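**Q** Chain residues, written in single-letter form:
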Amino acid sequence: MRRNPMGFLIAIMLPAFLFLGLVIFFPVIKGILIAFQNYNLNNDLSLVRFNGLDNFKAILTDPNFNFWRIIINTLIWIYVSLFFQFVLGFILALLLREPFRGRGVYSGLVFYPWALSGFAIGLIWAWIFNGQFGMANDILMRLHLIQQPIGFLSDPSFAMISVIIVNIWYGVPFFAIMLLAALQSIPKELFEAAQIDGANSVKRLFYITIPYIKATIVSTVLLRTIWIMNFPEIIYAMTGGGPNNATNILATQMINKILKFYDYGQGSAMGVIIMVLLFACAIIYLRASGAKEEGAV
Amino acid sequence: MKRFLLVLCLVVALVGIPAFAETKTINFLEVMTSPERTAMLKGMIDEYESSHPGVKVNLISPPYEQADQKATLMLNSNQPLDIIEVRDNTIKQFVNNKKLTNLAKYYRSWKEAKTLTPVSVAAAKTVDNTPYIIPQCIFIKALFVRKDILEKNGVTTLPNTIAELINTCIKITNPAKNQYGFAWRGKSSEMKFSDYFASAYVKDIKKDAVLYSEEKNYFTDPRYVQGMKAYVELFKKGAPQDAINWGFNEQINGFVSGITPFLIQDPDAIPLIDKMLDPEKYVVIPVPVGPTGMAYLDYGFTGLGIPSYSKNAAQAWDFIKWMSSAEKNAYFCEHYGALPVQSTAFKTNKYFQGKHYQAFLKEMTTPSKYVFKPFPQSSPKWPGWGSIHEADMQSVLLGQAKLETVLAKWKDYWTK
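Chain order of the listed sequences is A and B.
Numbering-wise, UniProt numbering puts 187 at position 187 of the first sequence, and it's gapless, one number per residue.
Numbering-wise, UniProt numbering puts 370 at position 370 of the second sequence, and it's gapless, one number per residue.
Hints are computed from structural coordinates only; laboratory data are not their basis.
Take the hints with a grain of salt, since some may be wrong.
[Said to hold, decoys possible] If you want the footprint, here are the derived chain B segments under chain A, 3+ residues with CB under 8 Å: (1) 91-97; (2) 131-143; (3) 184-193; (4) 233-242; (5) 376-384; (6) 391-400.
None of these values were measured; they are calculated from a predicted model.
Using N, Cα and C, we set each Cβ at its ideal position, and we do this for glycine too.
Bound-form chain A, shown alone (with noise of 0.2 Å):
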């Protein structure tokens, strides 16, 4: 008797498509469904209708959540973050590629915040931040560089940057991990040769390192780009967002709008704003990402 292949293979794949579909496609559709109604927890759960692009409207005119400031708010967050990571990251990757006594346990110290939750990170900043009793405040006082202590979190000029500096700490390990494991793939003999051509080693980093590791540079930089997009832990545990929206971000506004108005309309609507930006990111990320497998090295 012949079998149909077809059928056998549509039968070994139902069970983790039927998953996958459960766990993930599910979720998103009933998501983007709910970004569409009135899909709100104070009113009569029998009373959800569809209300076309209500939800859109009412985020993008707010009159006390500025839509625009949250846009601004989230790319500065995303890419300041970004950046000294990126550079604090490869220079700690290039330091921890020679080899030195104690590198092992150095390199775990230094990974170690990669480990940490999110929230708990926030929650321990919060208090080395504060401006009454926290550590850094007593430190800068103690080193006489400031007289007043400074509301880090309190003070809209400051609040941005100290959360900033929380998620660079927290990320740079990610960086340091993927690029210095690219670093220890590209070959002695290419630095060799380039010594010998009488290379120095500025020209070595620009011309043999960067390119050689150009595709993990690539594809770390924009996954991180998602990753910080999507990482509300920090700021909603030191700031909730504030003071006055100063750290208020996409992703921050997004819970705000489900666990404390109760609506669950506007904060899917939310996410599916934040799905869009997104998905263009991840566009790029894969033209990005092919380009390179054509081009270079």
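Mind docking chain B on chain A? Use the hints.
**A** Just chain B now, kept in the frame of chain A:
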């Protein structure tokens, strides 16, 4: 052999089922969870079960952060649940979605309903003047004062009025010595504080059912504006500027460290402060009154309700009744740090006879001075109001917006 086994199974099943069926299990979801509180509740449940053979109470205790969500989820999907802990901020949505049983018939026949404190009665009947829950814990505010710090700063009298409180705070504030007056609340539910200060300047609210609503509010009333101005002045001259980002923990820290010797808080602060500070070093007094000679106080609560689809409502009610008796409720509140719901508890329970709790009793029994006003929790404008108020208030304190502009905006928010 197979047949024999089958018959054996059948026999076991037939004999066994009725034996098991005699024990009725009721599911109880708590939401204000903490390890100590869950352990205490389990102890109480054991006590209940030993005196009520045939009833088993299955306690469900999700982690605090997810508990409200879990409650909503369980109710909306009609999961087996017979008793649910309901909070002031969830009761409205549960009733709206027809998930809570109207307890009126039980309530009427319950003897101890008559000895509930007036605040507890109001809490029980929060929605539609109907008892959907029996409150278990009441939270109202009083003024905590570090007498030792005040004496160090040459202050020997305790404030009776808001003006006196503000003046004392400003007088002792000296940033060079890291000494301030008031443990300001800048975030999460900070509106409760400005509401208290500003409303105490307006006598008319006494007639209204709630502090503000879509029908009526006093945000732009000159007396209210005056109260808000006093409150803002307190921040500028009598509180740490960092307090714009202070929540509950920072307030407690400011008080215990002595940086801010005046704190307005709920009774759950007492066990916490007692762990860190000699109880003799501070006193708790009723909140100061405004120029009107009175103050409006909000109240928070948690209570127990029965899901509308519960199949064990009678058993559930029996357990709720047991938990809500003066003795059991006082025991529960004593170890949790809330005010008991039965007025008799303040007379019979040693702990609540203690001096730190007398301020709360005085507030609850002096209606000429302390008027309890619920927040407009049934209004669709209510959820999210906290976030809007917080951001607006912060912008006023930071000098980024004018007080009058913000007050006009609030009036519009509520009336339009």
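**Q** Apply the coverage criterion to the stretch 391-400 of chain B and chain A: a residue qualifies when its Cβ sits closer than 8 Å to a Cβ of the chain, and three qualifying residues are needed.
**A** holds (count 6)
**Q** How about the stretch 376-384 of chain B: do at least three of its residues have a C-beta closer than 8 Å to a C-beta of chain A?
**A** n = 4 at 8 Å, threshold three: holds.
**Q** Do at least three Cβ atoms from the stretch 233-242 of chain B come closer than 8 Å to Cβ atoms of chain A?
**A** holds (count 3)
**Q** Are there three or more residues in the stretch 184-193 of chain B whose C-beta lies within less than 8 Å of some C-beta in chain A?
**A** holds (count 3)
**Q** Would you say the stretch 91-97 of chain B counts as covered by chain A, given the rule of at least 3 residues with C-beta under 8 Å?
**A** Per the Cβ count (4), the hint holds.
**Q** Please count how many residues of the stretch 131-143 of chain B have a CB within 8 Å of a CB from chain A and say whether that reaches 3.
**A** violated (count 0)
The earlier numbered hint that this structure contradicts is number 2, and it is the only one.
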